[in-house]
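2 protein chains.
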Amino acid sequence: MTTPSFSVYGLATPLLRPGDDVATHLLSSVERSPARNFEAGDVVVVAESALATAEGRVVKLGDIEPSAKALRLAEEYHMDPRHAEVVLRESDRIVGGIPGFLLCMKNGTLLPNAGIDASNAPEGSLVLLPLDPDASAARIRAAIAERSGADVAVIVVDSRTHAMRLGCSGVAIGCSGIPSVIDERGKKDLFGRELEVTKRAVADCIASAAELVMGEAGECVPAAVVRGIGLPVGDYAGVATIDASECLFMGVALHADPSLLVKGDRES
Amino acid sequence: MTTPSFSVYGLATPLLRPGDDVATHLLSSVERSPARNFEAGDVVVVAESALATAEGRVVKLGDIEPSAKALRLAEEYHMDPRHAEVVLRESDRIVGGIPGFLLCMKNGTLLPNAGIDASNAPEGSLVLLPLDPDASAARIRAAIAERSGADVAVIVVDSRTHAMRLGCSGVAIGCSGIPSVIDERGKKDLFGRELEVTKRAVADCIASAAELVMGEAGECVPAAVVRGIGLPVGDYAGVATIDASECLFMGVALHADPSLLVKGDRES
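These protein sequences, in sequence, are chains A and B. If you count by the numbering used here, then the first sequence holds residues 114 to 381, one letter each, in order. If you count by the numbering used here, then the second sequence holds residues 114 to 381, one letter each, in order.
Hint data in this document are derived by calculation from the structure and do not stem from the laboratory. Treat the hints loosely; a few may be bogus.
The list makes no distinction among identical chains, and a pair is therefore deemed to hold if it is satisfied within one copy or across any two copies.
No farther apart than 30 Å at their CA atoms in a straight line, the calculated lysine-lysine pairs in the DSBU-like style are these [unchecked claim]: (1) 312 to 300; (2) 182 to 300; (3) 182 to 301; (4) 173 to 301; (5) 219 to 312; (6) 219 to 173.
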């Protein structure tokens, strides 16, 4: 019996700068890595901050004029008002906050400070999220196919916290070439019955695997290649999202039922 | 320059049954896998459902008498009242729900149906979470060390949904031998400044990597070995948790500020 297995290789690059071509750096980096080259079926993972920097998605704090709302949020949540202003501009909706962070809805996902991070940004600047991570992933995928001949998939990833978890893990924010979520409806469990939970967030799992080699600090390992994962590579595009009304966690905020608090009181 | 890399190997076993010794199955499985044996520094990942079954944490629905509260919750959230009763018993607190699922707090984490799943349980039964996943991880770690001489780490994992993400990814619910979260405080970013987000949930990332080979369906791959990850193996115990008051997502439920809803209305 053969059991599934795969490998993850970090891809080191020079510090990326606005205007850099990401695919060029990846193609050069993979040659210096133990992966040697890109192969058909590989999943190439790129950190959103490096990608956004290369795409010129950098704003200077000195150029930002905070609005009245940004000033109010900044005071309430102890933030730089210019930072709060950029978060406001980049969000579809603000749904809450804790000191230092606003919780935002953006493109159907929930994320702190609209994904805007001062880490790994030049002094006095903020790096925004890539404008269209799915399009970026598709572009890099096409460039790798054209220049190396390898039919790879590309995922753009961010490092994020999750509800009631300490620390960050990987999340896919852009995807091209593999399904981001695999629906196992119809598959049977160990006892031959239909599975209850049928959706596997494979792109998020790959993002977290890649986080283990990419690191958050100044290591200049902004990408990784995942080999042997056995997913079908083809014309899949985008990261599947969930509606807030179907989300159990948003349900806490949107449909909280105080009578359900069976032990103790709500913390406040 | 060497960049980091690692490999993940699935470990296949026969269907585990109450009373089975998990370490025995893992030691036998690894010999049949491409990993060949356990090596010092390996992280061994075990699915909570297989572990809980081996530990006899299986309840028969026919033996359950639903309480009045369980009957009410079952009606409101369209569940089997006996299933709702078991979820109530296994939760520290119920904080909300959507049809089919109650959102529970248990041991400082937030999870649907208290982690109780009818999938991969014998007909008419439910598999509970392992009673003490950290202790289970430590026991398996000690057994592997004693019988193979290899100083490995062990993580017990569950497959869970996250806020506003479609599909399940891996989460560590028990850990022995590596730190579950690595604090990078003091590390510098690409521009030499202190990192803003400093905690990496490495155990969750490893859990998600392992999910990619373990599968949810009847594949009988309830474990994996992660090799080359480069984490320090030693006397670390437990999964670090976060207090609800520090959690940005719980902040939405606990400190929601309707005046912050800058675009559109709350869904309801």
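Outcome of the hint check:
1. In this assembly of identical chains, the alpha carbons of residue 312 and residue 300 lie at most 30 Å apart only when taken from the same copy (11 Å versus 37 Å across copies).
2. Taking the shortest Cα distances, residue 182 and residue 300 never come within 30 Å of each other, neither inside one copy (50 Å) nor across copies (33 Å).
3. In this assembly of identical chains, the alpha carbons of residue 182 and residue 301 never lie at most 30 Å apart, being 52 Å within a copy and 32 Å across copies at closest.
4. In this homomeric assembly, residue 173 and residue 301 come within 30 Å of each other (Cα to Cα) only across copies, at 20 Å, whereas the closest approach inside a single copy is 53 Å.
5. Within a single copy, residue 219 and residue 312 get their C-alpha atoms as close as 22 Å, and across copies as close as 23 Å, so both meet the 30 Å cut-off.
6. For the homomeric pair residue 219 and residue 173, the shortest alpha-carbon distance inside one copy (22 Å) is at most 30 Å, but the shortest distance between copies (43 Å) is not.
Of the hints listed earlier, those the structure fails to meet are numbers 2, 3, in rising order.
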